[in-house]
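Asks: In order, the protein sequence lines correspond to chains V and S.
For the first sequence, the residue numbers in this note's numbering are 224 to 517.
For the second sequence, the residue numbers in this note's numbering are 362 to 596.
Read the hints as simulated data drawn from the structure, not as lab findings.
Careful: at least some of the hints might be erroneous.
Claimed, not checked - In silico PhoX-like cross-links for lysine-lysine, where the CA-CA straight-line distance does not exceed 25 Å:
1) V/K489 - V/K412
2) V/K385 - V/K412
3) S/K429 - V/K385
4) S/K429 - V/K307
5) V/K386 - V/K345
6) V/K504 - V/K489
Stated by the list, open to error - Between beta-carbon pairs, the in silico distance windows are:
7) V/L322 - S/G526: 41 to 51 Å
8) V/N411 - S/A528: 39 to 49 Å
9) V/P317 - S/D382: 45 to 55 Å
10) S/T579 - V/L322: 34 to 44 Å
11) V/A495 - S/A528: 49 to 59 Å
12) V/K386 - S/A528: 36 to 46 Å
13) V/K388 - S/A528: 41 to 51 Å
14) V/L485 - S/E488: 52 to 62 Å
For glycine and all other residues, C-beta sits at the position ideal for the given N, C-alpha and C.
In case you want the letters, here they are:
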Amino acid sequence: MNWLSLAFSQIVNGLQAGSVYALVALGYSMVYGIILLLNFAHGDLIMVGAYTAFYAMTAFHLHPVVSVALAILISTALGVLVEKIAYTPLRSAPRLSLLITAIGISFLLENGAQLIFGADTKSMDPFVRGVLTLGNATVSYAALITILVSVIAMVGLTLMVKKTKLGKAMRAVSEDMGAAQLMGISLNKTISFTFAVGSALAGIGSVLYLCAYPQASPTMGSMLGLKAFVAAVLGGIGSIPGAMLGGFSIGLLEALVSAGGLSEWKDGVVFAVLIVVLLVKPAGILGKKIPEKL
Amino acid sequence: MALLQADHINVFYGAIHAVQDVSFHVEAREIVTLIGANGAGKSTVLKTISGLLHAKSGRIVFHGKELKGVPAHSVVAGGIAQVPEGRRIFLRMTVEENLEMGAYTQPRASLSAAMQEIFQRFPRLEERRNQVAGTLSGGEQQMLAMGRALMSRPTLLMLDEPSMGLAPLLVEQIFDIIRELHQGGTTILLVEQNSQAALSVADRGYVLENGRIVASGTRSDLLASDAIKKAYLGA
Ligand SMILES: Nc1ncnc2c1ncn2[C@@H]1O[C@H](COP(=O)(O)OP(=O)(O)O)[C@@H](O)[C@H]1O
Ligand SMILES: [Mg+2]
Chain V
224 MNWLSLAFSQ IVNGLQAGSV YALVALGYSM VYGIILLLNF AHGDLIMVGA YTAFYAMTAF
284 HLHPVVSVAL AILISTALGV LVEKIAYTPL RSAPRLSLLI TAIGISFLLE NGAQLIFGAD
344 TKSMDPFVRG VLTLGNATVS YAALITILVS VIAMVGLTLM VKKTKLGKAM RAVSEDMGAA
404 QLMGISLNKT ISFTFAVGSA LAGIGSVLYL CAYPQASPTM GSMLGLKAFV AAVLGGIGSI
464 PGAMLGGFSI GLLEALVSAG GLSEWKDGVV FAVLIVVLLV KPAGILGKKI PEKL
Chain S
362 MALLQADHIN VFYGAIHAVQ DVSFHVEARE IVTLIGANGA GKSTVLKTIS GLLHAKSGRI
422 VFHGKELKGV PAHSVVAGGI AQVPEGRRIF LRMTVEENLE MGAYTQPRAS LSAAMQEIFQ
482 RFPRLEERRN QVAGTLSGGE QQMLAMGRAL MSRPTLLMLD EPSMGLAPLL VEQIFDIIRE
542 LHQGGTTILL VEQNSQAALS VADRGYVLEN GRIVASGTRS DLLASDAIKK AYLGA
């Protein structure tokens, strides 16, 4: 392999991982944008989505498409349920209480999964196989599907937020909750909708992750979630294009570090980036000034 | 029966008793003003009517229906719109999107007609319809805040210090518009610190001081009252 096709395959790897980070980062960012919560339980939705797809395919022998739909559905429902049960009652509580609750929910989900599914990693056969050959470079179908699906999801999300009534309501609520209510916008509905969309994206992220690594474990969501969180902060938390940019940047950065032969340093580099961003540009690349309202 | 009736309302922020036993009413097609110094409790009264805050006791009746337990987002649909203090327009959204948000409770089909009406009243907004609201001048922002509230075609329009931070010429313009709206049949509840300006348009007024109503009457009553002159009109 010449260096060009090596570079190409690293870029594809980076975009593939970046797609998943971006989808998950979007959920962090949208939720932060609307209720100023760093929803640390968000990453664990990926784990729940992965287990759902895993058991749907291995234990119930459902068609992969049905299993994927089920995984997205379950993570969406769980995301909204957590919001309703754990976050809604704290709407006017200090943000710190909310943050601590989110961390608690994250532990609950991880330990709950361990109790139900066991602590070991469950592996299955890959359900997306094959590679596409382009000249002397190859791209796996898994990578292709991942990049394509996440780009479609992101375009869809952008259009939804820009053009639809609910999308505009989301932007209004995230800018000024009080004023939004004066317009007749229901906070409960809009916030639940935001959680639903963010969680659905995490669900999509979980099955795309399974395409690359067909396995599930109770803590799989925590590192992935943490990196997606770094992506959201890097792009500017609260900003939708920022989350996408941040996700792809982290994915590409990891690929670059791996290509340099330092793959054990991947995680370290990601968190070093977080520290540098927080020092140099705390609002992130596309971030707005952190709102001081509420 | 009055269009809006507040009976003995008490509103608290934690231990702070911000509105104390306040009663007032607004008849249909009236302009009524609540005047008082900063911190008197004026905004708290408006937020309570809008459902953003809840009275601990007392009741508010609009159109014969008690507003207790009605969530803020349903109050608008019932015909009450508020132009909040400091405008609170959506700075990151365009002028047109802000107006759309104002019509959130209205049927989609009536949107463009309502927007045309607003543009007729505020031609500046039409020129800037695709501009992000944060780039508007203070006067334009106030017009947008008023236009946005009018998009829900309210029976009762509540304005919280619309003159705040505006140059005298703009204040005059805003008050001209309030007069026009009133002539068009809208009932108005106007909150102001600028009592001079407020009393120039109002039919009646109430004076709030430390959360209590300390005086009330017709415009001429209030303008003639010595106490009011001293305390609020700077005479
Ligand atoms: N969010 C709040 N928390 C605690 N106290 C408040 C809050 N908002 C207003 N207050 C207090 O309530 C009183 C009335 O405030 P407000 O209704 O805003 O007055 P006005 O609009 O007449 O200036 C003031 O003493 C103010 O400090
Ligand atoms: Mg006020």
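Asks: Would you mind marking each hint as holding or not holding in the structure?
Replies: Results for each hint:
1. V/K489 - V/K412: 40 Å, violated
2. V/K385 - V/K412: 18 Å, holds
3. S/K429 - V/K385: Not OK: S/K429 and V/K385 at ~35 Å, beyond 25 Å, violated.
4. S/K429 - V/K307: 24 Å, holds
5. V/K386 - V/K345: Violated, at roughly 41 Å.
6. V/K504 - V/K489: 22 Å, holds
7. V/L322 - S/G526: 41 to 51 Å: 35 Å, violated
8. V/N411 - S/A528: 39 to 49 Å: 41 Å, holds
9. V/P317 - S/D382: 45 to 55 Å: 31 Å, violated
10. S/T579 - V/L322: 34 to 44 Å: 54 Å, violated
11. V/A495 - S/A528: 49 to 59 Å: 51 Å, holds
12. V/K386 - S/A528: 36 to 46 Å: 37 Å, holds
13. V/K388 - S/A528: 41 to 51 Å: 36 Å, violated
14. V/L485 - S/E488: 52 to 62 Å: 56 Å, holds
The structure fails hints 1, 3, 5, 7, 9, 10 and 13 (numbered hints given earlier, in ascending order).
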